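Chains as they are written, first to last, in the working numbering: chain A, -5 to 103; chain Y, 2 to 278.
Think of the hints as simulated: they come from the structure by calculation, not from any bench.
Fair warning: there could be bad hints in the mix.
Stated by the list, open to error - The following residues of chain A were derived to be distant from chain Y, with all beta-carbon distances above 10 Å:
#	residue
1	10
2	13
3	22
4	46
5	77
6	79
7	81
8	87
9	88
10	89
What the hints assert, rightly or not - What the simulated footprint calls covered on chain Y by chain A, stretch by stretch (three residues with Cβ under 8 Å from a Cβ of chain A suffice, anywhere in the stretch; the number is not a length):
#	stretch
11	132 to 145
12	219 to 229
Computed from a predicted model, the values in this text were never measured in an experiment.
Cβ coordinates follow ideal geometry from the N, Cα and C atoms, glycine included.
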Amino acid sequence: MAFHPGTCLLTQTELLDLSFMEHRAQLLAVAAFLDRLDRAKGASAEEDFRLRAFREALEVLTSDEPGRVKRAQMLLSDQNLELLDLRDSQSAFGASRRSAVEPNAEVEQ
Amino acid sequence: MNYIDMHAHMISRTTDDYHRMALTGCLAVTEPAFWSGRDRLGPQAFADYFDHLTTFEPARAAQYGIAHYTWLCLNPKEGEDRELARQVLALIPDFLERPNVLGIGEIGLNRVTRNELATFHDHVELALEHGQLIHIHTPHLEDKYKGTRVMVEALASDPRIDPGRVMIDHAEEHTVEMILDHGFWTGLTLYPRTKASPARAIDMIEMHGPGRIVVASACDWGPSDALAVPEFVLEARRRGHDDALIERIVLDNPAQFLGQSSKFIPVKPGRAKVAAD
């Protein structure tokens, strides 16, 4: 995973000074969302494809390896490159319910 | 700082937005054809829409000194209906000569179906036949990676395509490299929820450089911000970038890409030369 060291012009301390409060709020929003799910009436979504992808992406966020956003994006992406025969819905869901049969398969034209 | 918003669905915005965009330095917008929130009932709806984009909208923008350009097509969200697509594609050539039309867009894929891909190829053929620039939409969420990859591979395998005349928009961290590596222009659209933020757009520019990258508000009727480009400028300054770099992204790069169309008139403050003239 490309690291691109030194491409951000600010020091780590300057970045914290600039945007720690904003990201602190975002972190707490995610924590509250997870707590809210626990408190929800009926634990009906534990196997929901969106929640599974969300929990996997959270693990990426806590890793020390760079490239977290790209890896999280891929966990939230449909990596099954087969074309759909027909449109299943107009809107997307944010995570994929399809299994990635061959994540790097070539696309047939 | 003066800027060009490369992607703004102004038909869905109020005149107040033109006012605020002018106040914050907007010199020109380019408006790709889009999905109106429901599938249209027939081709005549598109004829009315294209007429609006080429008459009323440039006149409304001109009141604020903003030049208005547009791209015409059947949006990817309506690409599934092949019969409708054929009827709409037949309408487009009659509008291509209008003075604010820069090309074909935003074409692309939505749920990445066989029919959508066929409609995408039809639009590309139309653009090639008429020597038009191409503006491409990539899907918003879980479909973005595969949709981008399908289109990049399709275009890259066609020797008739000059990637320097193609803009692939809505790029994010997992697609920007594949777009740039194939020589296309790439757009980073700034949205409050579903797409890249100003901070993430700057991250990508820091990592991949400023070449062939533009940013845009992509504002439409959904949660979006017509002032997303000035927000990007502010965030870039806070991150320590100088005005030369920022101006390259928000003004020079768009002008370079759009300047490949003879209809694009280099823009200067207060001198918007528009189709309504």
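How the hints compare with the structure:
1. 10: holds (13 Å)
2. 13: violated (7 Å)
3. 22: Residue 22 (chain A) is indeed farther than 10 Å from all Cβ atoms of chain Y, at 18 Å.
4. 46: The claim stands: residue 46 (chain A) keeps its Cβ more than 10 Å from every Cβ of chain Y (closest is about 13 Å).
5. 77: violated (5 Å)
6. 79: Contrary to the label, residue 79 (chain A) does not stay out of reach of chain Y, its closest Cβ about 6 Å off (not over 10 Å).
7. 81: violated (4 Å)
8. 87: violated (6 Å)
9. 88: Its Cβ does come within 10 Å of chain Y, the nearest being 5 Å, so this is violated.
10. 89: violated (6 Å)
11. 132 to 145: With 6 residues in contact (Cβ-Cβ under 8 Å with chain A), the coverage given for the stretch 132 to 145 of chain Y holds.
12. 219 to 229: violated (count 0)
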